[in-house]
Amino acid sequence: MTMQIAEPVSLSSPDARARAHAAAARDNLRTEPRAVRVVIIALAIAFLSVFVVLPLVLVFAQAFSRGVLAYLSALAEPEALAAIKLTLIVAAISVGLNLVFGLVAAWAIAKFEFPGKTFLITLIDLPFSVSPVISGLVFVLLFGAQGYFGGWLRDHDIQILFAVPGIALATTFVTFPFVARALIPLMQEQGTQEEEAAISLGASGLQTFFRVTLPNIKWGVLYGVLLCNARAMGEFGAVSVVSGHIRGETNTMPLLVEILYNEYQFVAAFAIASLLAMLALITLIAKTVLERHLDEGQDVHDH
Amino acid sequence: MTIEVKNLVKKFGSFSALDGVDLKVNDGELLALLGPSGSGKTTLLRIIAGLDWPDSGEVSFNGEDALAQGARERHVGFVFQHYALFRHMTVFENVAFGLRVQPRAIRKDEATIRARVKELLDLVQLDWLADRYPSQLSGGQRQRIALARALAIEPRILLLDEPFGALDAKVRKELRKWLRSLHHEINVTSIFVTHDQEEALEVANRVVVMDKGRIEQIGSPDDVYETPATAFVHGFIGESIELPVQVEGGLIRLGDRLLNLAADGLAPGASKLFVRRHDMQVGPPGSGAFEGAVRHVRNFGPVQRAEVALSGGETIEIDAPRDRELRAGDTVGLNPRRYRIFASA
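In order, the protein sequences belong to chains A and B. Counting from 1, one number per residue, gives the positions in the first sequence under my numbering. Counting from 1001, one number per residue, gives the positions in the second sequence under my numbering.
It is worth saying that the hints were derived from the structure and are not from the lab. Any given hint could be a false lead.
[Said to hold, decoys possible] Label pairs and their computed distance ranges (CB to CB):
id: 1; chain 1: B; residue 1: L1067; chain 2: A; residue 2: V133; range: 39 to 45 Å
id: 2; chain 1: B; residue 1: A1115; chain 2: A; residue 2: F209; range: 39 to 45 Å
id: 3; chain 1: B; residue 1: A1068; chain 2: A; residue 2: K111; range: 21 to 27 Å
id: 4; chain 1: B; residue 1: G1165; chain 2: A; residue 2: I41; range: 46 to 52 Å
id: 5; chain 1: A; residue 1: F149; chain 2: B; residue 2: W1053; range: 39 to 45 Å
id: 6; chain 1: A; residue 1: F209; chain 2: B; residue 2: K1173; range: 48 to 54 Å
[Unchecked claim] In silico DSS-like links for lysine-lysine, alpha-carbon gap of 25 Å or less:
id: 7; chain 1: A; residue 1: K117; chain 2: B; residue 2: K1011
id: 8; chain 1: A; residue 1: K218; chain 2: A; residue 2: K111
id: 9; chain 1: B; residue 1: K1011; chain 2: B; residue 2: K1212
id: 10; chain 1: A; residue 1: K287; chain 2: A; residue 2: K218
id: 11; chain 1: B; residue 1: K1118; chain 2: B; residue 2: K1177
id: 12; chain 1: B; residue 1: K1011; chain 2: A; residue 2: K111
Even for Gly, the Cβ is constructed at its ideal location relative to N, Cα and C.
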């Protein structure tokens, strides 16, 4: 800062020029030469443009290639509306379930000591390490006609596979780690002292949870829910296995995009895809905001 | 409120945190639990608060079984070493917490709660911080708020776990004095845990010295300093010279030198001799029980601290008044004004 202010005057004297040189040399020691920096930054930008920005632009370009009206009417198709509705329902169910179970799992892991804890932590990550297609197949094996519960389910006339329950289950399984993963490190770092303080002050278990624990982890919860939701709406593999692709009934948005694309209905396919892309953008922005809150959350607090 | 603890045992795996502890705390007393880390003092405090449970033993408040109650029902104020203030609440709401979570039947109305919080913040002299968040306070301020929060529920007992442990030396000294006068004012039976002997001796009415899950001595600050009951207490409190000696025929032998000191009726055998650094009197060679050569001398305000190599081979540090200047290389006679001898365990 001082350099900039002094520059116009000081450069006139040789003495000052020597000093400026010395400063530049020091800068070179501290950071990479200018040329290297430019090349690296340019490479990164070029890569991002080709692999991220360009596809995103293309999605919207294709979606609007026949004009806004074609775009809107593609979205207003009963099939498209059904897919959007189903996706929202499935996301709501799986986010709801994962919110509850993620909170419980994170609470158990962060606040209690018990045998098998390391195993449980590993288990939570399982859905991340297994291919979604296999996750879907597991449910086919469990609830399919030849599956473990298949006979019983048929006898009682309960439809799980190729229906909303199966899609919701598969999605819940695949997205389970998000909430728990977001909360475990946060809760471990916060420890149990505030809870102990609350209890010694006469608070009940529920009061402690709602007045002390939950406010302390609210940004973490939102962060987990956000990522969980994004993945739940975008899930393809596991859902594809259990859905049965019944048009207008068990197609979620990602499944419908594939079907429409295979039928050469490009505008309709990209119109639905553009909705998913927008979801991604909104998620990204919300994630950035939440991360700022999480960083601050440790010390400074929102007022 | 009196507290009575009987034969308390608590193990964490194979580690014995409390190994048969008996303790009686009188009404209105300010008691210090003093000991090195791992001595079980914090575990004892947490069991009294209901935050931990013993494997066996009894805890009673005013004769009534406290172990039958959870932490929530015991009405004990607990102050944590790291404050444990609710980070998302203002100072005011932190202090009000205990009043707000009371069952609806006995909960005070908002105006009463506000008045009570105001009163407590005045008591800890921090009423001007009511709208701040814990992260905006200094360590000393946070600890005073934590204390106000604990007092809000009008606790029957106040427990403080290393209350000044995380603070710097100057703030710690101020808070010590403040805590003592505060206790004088509110007069609640209080126990505080510390590993800092100065803190324990300065603040408490009585001091409980603990080591390895056992109580070594209970007494007034003067008692534990002047007449330590065990070798551990003597070594832990005050700065002591500790020498491995032999008792022979009622006298004490250090190496091959028979000291002209009585063994206080201790049975013959290996023993430990303790002398306070400032109790070692310096005289000309041949004048005392010990002989030694001064290695080097440093001055600390009113005293000079000298390292002396005893003729027996041990090197000790003594604190001598500065009226008689010591120099490196001097040969001196040393005579303990007072000493204590304990059989080696």
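25 Å Cα cutoff - pair K117 (chain A), K1011 (chain B): Between K117 (chain A) and K1011 (chain B) the Cα gap is close to 21 Å, so the pair holds against 25 Å.
Supplied distance hint 48 to 54 Å, evaluated on CB atoms of F209 (chain A) and K1173 (chain B): 39 Å, violated
Given hint K218 (chain A) paired with K287 (chain A) - CA-CA distance at most 25 Å: 14 Å, holds
Distance restraint evaluation - A1115 (chain B), F209 (chain A), Cβ atoms, bounds 39 to 45 Å: Violated, since A1115 (chain B) and F209 (chain A) (Cβ atoms, about 29 Å apart) do not stay within the stated range.
F149 (chain A) paired with W1053 (chain B), Cβ distance criterion 39 to 45 Å: 43 Å, holds
Given pair status - K1177 (chain B), K1118 (chain B), alpha carbons within 25 Å: Given pair K1118 (chain B), K1177 (chain B) holds - Cα atoms ~23 Å apart, limit 25 Å.
Pairwise hint evaluation, K111 (chain A) against K1011 (chain B), where the allowed Cα distance is 25 Å at most: 20 Å, holds
Hinted pair K1011 (chain B) and K1212 (chain B), Cα distance within 25 Å: 12 Å, holds
K218 (chain A) paired with K111 (chain A) [C-alpha distance capped at 25 Å]: Holds, because 17 Å separates the two Cα atoms, which is no more than 25 Å.
Assessment of proposed distance window 39 to 45 Å (beta carbons of L1067 (chain B), V133 (chain A)): 55 Å, violated
I41 (chain A) and G1165 (chain B) - C-beta distance against the hinted 46 to 52 Å: Holds, at about 49 Å.
Cβ separation of A1068 (chain B) and K111 (chain A), checked against the hinted range 21 to 27 Å: 25 Å, holds
In this structure, the earlier hints numbered 1, 2 and 6 are contradicted, and the remaining ones agree with it.
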